Amino acid sequence: MAAQTAGVKIPSVATARLLLHPMTVDEAERVVARTPHAGDDWAEGYPGDGDVRSSTAFLRGVAERGAPGVYQVYQIRLRDSGATVGGIGFHGPPDAEGFATVGYGVVPSVRGKGYATEALRALVGVAREAGAAGVRGDADLANTASHRVMEAAGLRPEGGSDTLRRFRLEF
Numbered sequence: 001m002a003a004q005t006a007g008v009k010i011p012s013v014a015t016a017r018l019l020l021h022p023m024t025v026d027e028a029e030r031v032v033a034r035t036p037h038a039g040d041d042w043a044e045g046y047p048g049d050g051d052v053r054s055s056t057a058f059l060r061g062v063a064e065r066g067a068p069g070v071y072q073v074y075q076i077r078l079r080d081s082g083a084t085v086g087g088i089g090f091h092g093p094p095d096a097e098g099f100a101t102v103g104y105g106v107v108p109s110v111r112g113k114g115y116a117t118e119a120l121r122a123l124v125g126v127a128r129e130a131g132a133a134g135v136r137g138d139a140d141l142a143n144t145a146s147h148r149v150m151e152a153a154g155l156r157p158e159g160g161s162d163t164l165r166r167f168r169l170e171f
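Letter 43 of the sequence shown, counting from 1, is numbered 43 in the UniProt record's numbering, and no numbers are missing.
Because the hints were derived from the structure by calculation, they are not lab data.
Among the hints, a few may not be true.
[Said to hold, decoys possible] Just the calculated beta-carbon pair ranges, DEER-fashion: (1) S81 to R34: 17 to 25 Å; (2) R53 to A142: 14 to 22 Å; (3) A33 to R79: 38 to 46 Å; (4) E170 to E29: 32 to 40 Å; (5) R128 to A33: 15 to 23 Å; (6) N143 to R121: 16 to 24 Å; (7) D40 to T117: 19 to 27 Å; (8) E158 to G82: 30 to 38 Å; (9) G82 to T163: 35 to 43 Å; (10) D80 to E158: 15 to 23 Å; (11) F171 to R53: 26 to 34 Å; (12) K113 to A63: 34 to 42 Å; (13) A33 to T163: 28 to 36 Å; (14) G50 to T15: 31 to 39 Å.
Since the model is a prediction, treat every value here as computed from it, not as a measurement.
The C-beta atom is built at its ideal place from N, Cα and C for all residues, glycine as well.
All chains, full assembly: derive it from the sequences and hints.
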């Protein structure tokens, strides 16, 4: 299964339990409007505020730079049911050092099941295959669950601020 963004087909990424579905412009517009289409199977709580922010940024990026290729936003779907339970993706193309910044979130009802870690590991693989030098991410200091997700996906703490802990994985 592949999605088409601005004329470019990007394949979905399958894991043991998940399908990372590349967002299309139409899907991102529905997420921003929080209005599902008849064929959308959104879990309760999806889209969250983070999904709306990332979809808005995705739409702005497509308008400004065109199709982002693999460095885009993906819906996290359960393979067994097809339900969308969260989002994951890149904040844009790799920076001048070749690092792509990642972000993710899952709905409360599926937290603690390892889906975020599984999805992040797959996204790290996408960045590696696409030639990035590595990935970065950050999380609020108090969000220890997100710290564990990033560490389980291979990212290591690299400092932070009074409010954030930053993580990095160099390939």
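Hints versus structure:
no. : hint                     : result
1   : S81 to R34: 17 to 25 Å   : holds (21 Å)
2   : R53 to A142: 14 to 22 Å  : holds (19 Å)
3   : A33 to R79: 38 to 46 Å   : violated (27 Å)
4   : E170 to E29: 32 to 40 Å  : holds (35 Å)
5   : R128 to A33: 15 to 23 Å  : violated (34 Å)
6   : N143 to R121: 16 to 24 Å : holds (19 Å)
7   : D40 to T117: 19 to 27 Å  : holds (25 Å)
8   : E158 to G82: 30 to 38 Å  : holds (36 Å)
9   : G82 to T163: 35 to 43 Å  : holds (36 Å)
10  : D80 to E158: 15 to 23 Å  : violated (36 Å)
11  : F171 to R53: 26 to 34 Å  : holds (27 Å)
12  : K113 to A63: 34 to 42 Å  : holds (35 Å)
13  : A33 to T163: 28 to 36 Å  : holds (30 Å)
14  : G50 to T15: 31 to 39 Å   : violated (20 Å)
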